[in-house]
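K.L.:
Those sequence lines, one after another, are chains A and B.
Just so we're aligned: the first sequence equals residues 1 to 281 in my numbering.
Just so we're aligned: the second sequence equals residues 1001 to 1382 in my numbering.
Hints may contain errors.
[What the hints assert, rightly or not] From chain A, some residues computed to sit far from chain B (all C-beta separations above 10 Å):
#1 Lys-86
#2 Val-167
#3 Gly-252
[To be verified] Taking beta-carbon pairs under 8 Å as the criterion, some of the chain A residues facing chain B (in silico):
#4 Phe-81
#5 Asp-91
#6 Lys-275
#7 Gly-278
FYI, nobody ran anything at the bench for these hints, they're computed from the structure.
C-beta: ideal position from N, C-alpha, C; glycine also.
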Amino acid sequence: MHLKSAYEIRDKYLRKDMLPTIFCPGCGIGSALQYTLRAIDDLNLDPDSMVWVSGIGCSSRVPGFVNFDGLHTTHGRALAFATGIKLANPDLKVIAFMGDGDAAAIGGNHLIHAIRRNLDVTVILINNFTYGMTGGQVAPTTPKGLRGTTAPYGQFENPFDIAGLAVSAGANYVARWSVFNYLQGINSIKKALQKEGFTLVEFLSPCPISFGRRNRMKTAPELLRWYQKITVPLAKARKMKPEELEGKVVIGEFVDRDRPGLVREYEAYKRRAKKAMGWEE
Amino acid sequence: MRYPFPVGKSDFIQGDEAIARAAILAGCRFYAGYPITPASEIFEAMALYMPLVDGVSIQMEDEIGSIAAVIGASWTGAKAMTATSGPGFSLMQENLGYAVMTETPLVLVDVQRGGPSTGQPTLASQGDIMQAIWGTHGDHSLIVLSPSTVQEAFDFTIRAFNLAEKYRTPVVLLADAEIAHMRERVYIPEPSEIEIVNRRLPAGEEDARLPFGDPYGDGVPPMPIFGKGYRTYVTGLTHDERGRPRTVEAEVHERLIRRIIGKLERNRKAIFSYDEFMLEDADVAIVSTGIVSRSVLRAVKVLRERGVKAGMLKLNTIWPFDFEMIEELAERVERIYVPEMNLGQLYHLVREGANGKAGVEPIPKIGGEVHTPMEIVERVVG
Ligand SMILES: Cc1ncc(C[n+]2csc(CCOP(=O)(O)OP(=O)(O)O)c2C)c(N)n1
Ligand code: SF4
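Could you put the whole structure together from the sequences, leaning on the hints where they help?
P.N.:
Here it is, written out as structure tokens:
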């Protein structure tokens, strides 16, 4: 892949009047955004027929910075809004940019049902293991023992494996990377954007300010080094015992299949209805 | 266009069914909902009809998702609706506020049942009047209509879509279970007989630049729907005329909120609709809405027979509320009664409107039954 300069990508896709972004130094959201824009650029997708949807959180501010139609909604509800957008105008390509708390806590129900329906949407999920925007409370992804302001003695609950959840719920494409794995990340987004049905690319993304600081990783490089320690590529993980995988995060491409998406299913349903009424052969 | 029900003739149908048919004739092509008594039949009718008219009907995971999907659909240009009852309406409040803030046209039908909480699922109530007007947080305004017959359920649904499109606002159709489940003869017009209003779309690039401004001076900006190349950013955060988040400046917030409220407030007289009966020479006015108005009508006749100069004011619009009109009424009559199926929600509005010019007395009733005409008569003759 030929990598264009970041300036070129910025000038082509960002809303200049919205800059600078609200993101803290060292935040990984910008990287995930850049990968998404590079994927769009590489695929030569038409920005006029794309809509970016988001909920609430740092990650969800992304649609404001990119020059596309965008719907910045309520906390956790992005995929429900996306369902209306996509079904009412199937010609639109929908990207949902979401945080881990947004997607898996308050939005957990919408997430699993959007996946179950195989809603035609590409989710870029920023997993920073915390609630960034509200200042570092624990999220459903916070690894056990790590701290957040609402579990100051270390998280005592089990974390969600969002990618795993997406695979079981029936997504067509699911991959997880850290923002460190940029080539794999871009390639995954490209694949996701080209597929029908529900596709999700999760990024482990440094939040030095709200998360790192409370867990002895004050800077992005420290978080990236930690990611290197805790992530295990899928191929390797397959050979590891469950005990060895304790506390690790598997990265890679988890599923790539072609079940019919919701739009196609609904089109068929409409034909079925008209046939049942004797309106159509 | 082929319709899956007869048009241009009368039919004997339930209120819920009338609402669904009206929505389709009004141009609604997106419905998202979640089943709840006594609104489920609206959904069931939509599920039957929508695929046949190339529309969408989808059962969401909950009411939060339902109204969210409706807002999403509206931003693609579709006329969209959801329907629910009290508990589901409560769940929708956050996104109803989002629709107010983002000026998204939509119709939300709330068929009221007894509350609070899951209350009396199968029985009628008018307990959501305050929730409909004030349920979402923050300073805001929206439109609330209330039918008292199945024909009105049909007609007001069409009006609800037209008002939503005209003012770029959510409209709540507040029905009660009695209307929703009652069967009555309804005239279903031909499409050519129906006046349809469509939202103002931007005439071009320039027009789309200020999707939350006031380019026409009427407070209602054109709505640059998605997929047309306008690259509009829509946010529930306080935003400027271009839609950019501006969350800390008092002036930006004030300008936005005052325009959103103002666009309805300045058209209050046009939106506020009511019917009068024997009110011209009345000493006693009975103000009501929804199913209770049917009893009031009878009560007024009985009172007149007994020599009491009573009249009825039936409110078809509950918000924006014409307080002045009530004050004028209060100046003419000695006393105003407000029978309603709750402990006094409409009463608050009427009393505020009366402004001390006449005594205002509530006639509350809860438990699931509509006031009988005699209950109202007895309260009035005391
Ligand atoms: C209904 C509701 N509850 C709570 C909040 C407060 N809130 C704002 S952002 C946020 C969490 C964001 O965390 P996450 O989704 O992980 O995104 P991040 O900021 O980390 O990118 C919360 C709880 C809200 N805006 N709305
Ligand atoms: S709080 Fe964390 S997630 Fe939010 S912008 Fe800062 S670093 Fe990024």
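K.L.:
For each hint, tell me whether it holds in the structure or not.
P.N.:
Quick rundown of the hints versus the structure:
1. With a minimum CB-CB distance of about 8 Å to chain B, Lys-86/A fails to clear the 10 Å threshold, and the non-interface call is violated.
2. No Cβ of chain B approaches the Cβ of Val-167/A within 10 Å, the least distance being about 19 Å, so the stated non-interface status holds.
3. Listed as a non-interface residue, Gly-252/A keeps its Cβ farther than 10 Å from every Cβ of chain B; the least gap is roughly 29 Å.
4. Residue-level restraint check for Phe-81/A holds (minimum Cβ-Cβ distance to chain B is 4 Å; threshold 8 Å).
5. For Asp-91/A, the interface hint holds, since its Cβ comes within 8 Å of a Cβ in chain B; the closest pair sits about 7 Å apart.
6. Restraint check, Lys-275/A versus chain B: the minimum CB separation of about 10 Å is more than 8 Å; hint violated.
7. Below 8 Å, beta-carbon pairs count as interface contacts, and Gly-278/A has none with chain B, the closest being about 11 Å; its hint is therefore violated.
The structure shown violates the earlier hints numbered 1, 6, 7.
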